[in-house]
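**Student:** Place chain F on chain L using the hints.
As given, the protein sequences belong to chains L and F, one line each in that order. Quick note on numbering: the first sequence equals residues 0 to 350 in numbering that gives the first Met the number 0. Quick note on numbering: the second sequence equals residues 0 to 350 in numbering that gives the first Met the number 0.
These aren't lab readings, by the way, just hints derived from the structure by calculation. Keep in mind that a hint or two might mislead.
[Said to hold, decoys possible] Computed Cβ-Cβ distance ranges for the label pairs, DEER-style:
id: 1; chain 1: L; residue 1: 210; chain 2: F; residue 2: 225; range: 49 to 59 Å
id: 2; chain 1: F; residue 1: 338; chain 2: L; residue 2: 123; range: 18 to 28 Å
id: 3; chain 1: L; residue 1: 123; chain 2: F; residue 2: 57; range: 32 to 42 Å
From the three backbone atoms N, C-alpha and C, an ideal C-beta is built for every residue, glycine too.
There are 2 protein chains.
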Amino acid sequence: MSEAFWQHPLPQLSDDHLQRARARQGELTKPPGSLGRLEELACTLAAQQHRAQPGADRVHMSVFAADHGIAADGVSAFPQEVTAQMVANFASGGAAISVLARTLGAELEVINMGVAHSLPDDTGVTSEWLAPGTGNIAHEPAMTEHQASQALQAGDRAAARAAEAGAELFIGGDMGIGNTSSAAALAALLLKGHPEDLVGPGTGLDSTGVARKADKIGQALQRHGNDDDAFRALASLGGFEIAALAGAMIGSSQRGIPVLVDGFIVTSAALAAVRLRPDLRPWLHFSHESEEPGHQHLLRALDARPLLDLGMRLGEGSGAAVAVSLLRSACALHNRMATFSEAGVSDGESS
Amino acid sequence: MSEAFWQHPLPQLSDDHLQRARARQGELTKPPGSLGRLEELACTLAAQQHRAQPGADRVHMSVFAADHGIAADGVSAFPQEVTAQMVANFASGGAAISVLARTLGAELEVINMGVAHSLPDDTGVTSEWLAPGTGNIAHEPAMTEHQASQALQAGDRAAARAAEAGAELFIGGDMGIGNTSSAAALAALLLKGHPEDLVGPGTGLDSTGVARKADKIGQALQRHGNDDDAFRALASLGGFEIAALAGAMIGSSQRGIPVLVDGFIVTSAALAAVRLRPDLRPWLHFSHESEEPGHQHLLRALDARPLLDLGMRLGEGSGAAVAVSLLRSACALHNRMATFSEAGVSDGESS
Chain L
0 MSEAFWQHPL PQLSDDHLQR ARARQGELTK PPGSLGRLEE LACTLAAQQH RAQPGADRVH
60 MSVFAADHGI AADGVSAFPQ EVTAQMVANF ASGGAAISVL ARTLGAELEV INMGVAHSLP
120 DDTGVTSEWL APGTGNIAHE PAMTEHQASQ ALQAGDRAAA RAAEAGAELF IGGDMGIGNT
180 SSAAALAALL LKGHPEDLVG PGTGLDSTGV ARKADKIGQA LQRHGNDDDA FRALASLGGF
240 EIAALAGAMI GSSQRGIPVL VDGFIVTSAA LAAVRLRPDL RPWLHFSHES EEPGHQHLLR
300 ALDARPLLDL GMRLGEGSGA AVAVSLLRSA CALHNRMATF SEAGVSDGES S
Chain F
0 MSEAFWQHPL PQLSDDHLQR ARARQGELTK PPGSLGRLEE LACTLAAQQH RAQPGADRVH
60 MSVFAADHGI AADGVSAFPQ EVTAQMVANF ASGGAAISVL ARTLGAELEV INMGVAHSLP
120 DDTGVTSEWL APGTGNIAHE PAMTEHQASQ ALQAGDRAAA RAAEAGAELF IGGDMGIGNT
180 SSAAALAALL LKGHPEDLVG PGTGLDSTGV ARKADKIGQA LQRHGNDDDA FRALASLGGF
240 EIAALAGAMI GSSQRGIPVL VDGFIVTSAA LAAVRLRPDL RPWLHFSHES EEPGHQHLLR
300 ALDARPLLDL GMRLGEGSGA AVAVSLLRSA CALHNRMATF SEAGVSDGES S
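Pulled out of the complex, with its shape left as it was, chain L reads as follows (with noise of 0.2 Å):
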């Protein structure tokens, strides 16, 4: 067997881009350091783009979905069939994650990875199907080793998609009743953590729900042990959106594109895709803290300082969608401030 793709190591980012970048911040008419945050972002997008001037105007967007076998043990606020109703949602415009790329001008693409429910025929959905849904992780491993590895290509696939399309960033999205769950088992298995810590109301559960949630999540990590692979975890505990999240998150990194990543979910399949991979990191942006408690556990974990906290809990990639304009403002503001020199200002040095 041929190395799998997320085996290949990733591109650099250009030490020598990211030097110039931060030269010129210094030179811009501002106070040196006054943008904050901004002034990092835009020197690192420079470093991953491999240019000197960065940019965030093409985005492609990626939304996974699959169904998760655990939503029959009860762990969501919403019935299964929810999965296949916001796929035609998102292929209808109405959802979140359509409104937000429609403002952007982003490129939408949604992929069904496994949808249970099935989907009218005209939705422009793309077919990645792999099973009507993972087995319920309680009681049984979520997909075979086999399924992992499609996922994950399948993930690759979207982002060549990106490339094709040049996208200068991508972002990944979710849909998937009960992938809290699944996030929060994965989430437990790669940090070593309790499940209390990582589970949380989801779209909506009571106390009571959480505490059941949890129950299952503990089950699951009872049956698969201590073995903490990444793959290994991806198959036993994962979605299928969650693995090709991961796989697209690689996949992108490894054509030069860098990722912004959204909420609690993507972080999971984040946390897994650095341990696939570690040089992933420094392609990954974070763009917000989601509400879900575990999120802050997967932040701290890739030591990741989201850049918004605005209290959203929706995956689909609506978070990373809403930070995408101070990627925009970052760029806009390198790329076309005036220097100092250009713009007969005082350099402060003087006082």
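**Tutor:** Okay, now just chain F, sitting in the frame of chain L:
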């Protein structure tokens, strides 16, 4: 003498529109509350604008520039001529706020309230010039009460232009070497705080400079006494641009235009304006938390929770400009997402 414009009560927010907007948020295809602060942001804008579909597309930005007598005492990392140089840079499009305004498609006007150095003729800057900078507040009042009234009225005229242009949102910006000293003095008086808590590095003072600045502000406060009447405080310790900003925020709200407040300088003006007219507070959105340490005290006093925390400390209205996209996202989601019934999605009661 007739009643000053800032003594006229402000319009009420529409409770009817607020309630209808909240009801709509509960019908959109997402778990209730999952868009976090973007939900309440859209609802508040609906209440402010008395519209079912709130908007932040048409943004009016007024940047008020003026010099400060206290700059002579070495309280800034930049020399005083930078105020005039930066006004020219705003007008020629090279400053941060110029770039951000273009990116947003926002109207940007620059108003000379009292710049000490002369400006080139062809800058397109609106003149409301009162004097070549304020008096040095360590030794004398910043301005006469007549000048303070004129500055407030100049702000009101900017608000009138915003209304004339059909603005849905008003942003005020500031430029003035030395103005963090004036803002800190004003804030210390209005909050009965210590200068040390409200003084920071501004554009980049070292610790010796910060200590000197705090000492000068202490002198200013001693001279002014304990009279915390907001109008007299503006005259005694403020700046021409700070008084104009206070007038512009009141004037905008009187015309039904909500205000997105920038950082330390604009928030000091907002505090003075709220003291002049307590019914202004519901019209204010707070865009970001500045790196300037005194900003936190001002935000707390105004019970304000800013949208962004990016370590910015530039002024000019730049933090507010960066936050506009969050208001636009909130409005787009509110206005354009499908409802559960429109999209045929189960609303979660059936789980």
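**Student:** Take the C-beta atom of residue 210 of chain L and the C-beta atom of residue 225 of chain F, compute their distance, and say whether it sits inside 49 to 59 Å.
**Tutor:** 56 Å, holds
**Student:** Falls inside 32 to 42 Å, the C-beta gap from residue 123 of chain L to residue 57 of chain F?
**Tutor:** 33 Å, holds
**Student:** Evaluate the given range 18 to 28 Å for the C-beta pair formed by residue 338 of chain F and residue 123 of chain L.
**Tutor:** Holds, since residue 338 of chain F and residue 123 of chain L (Cβ atoms, about 22 Å apart) stay within the stated range.
Hint violations for this structure: none, all hints satisfied.
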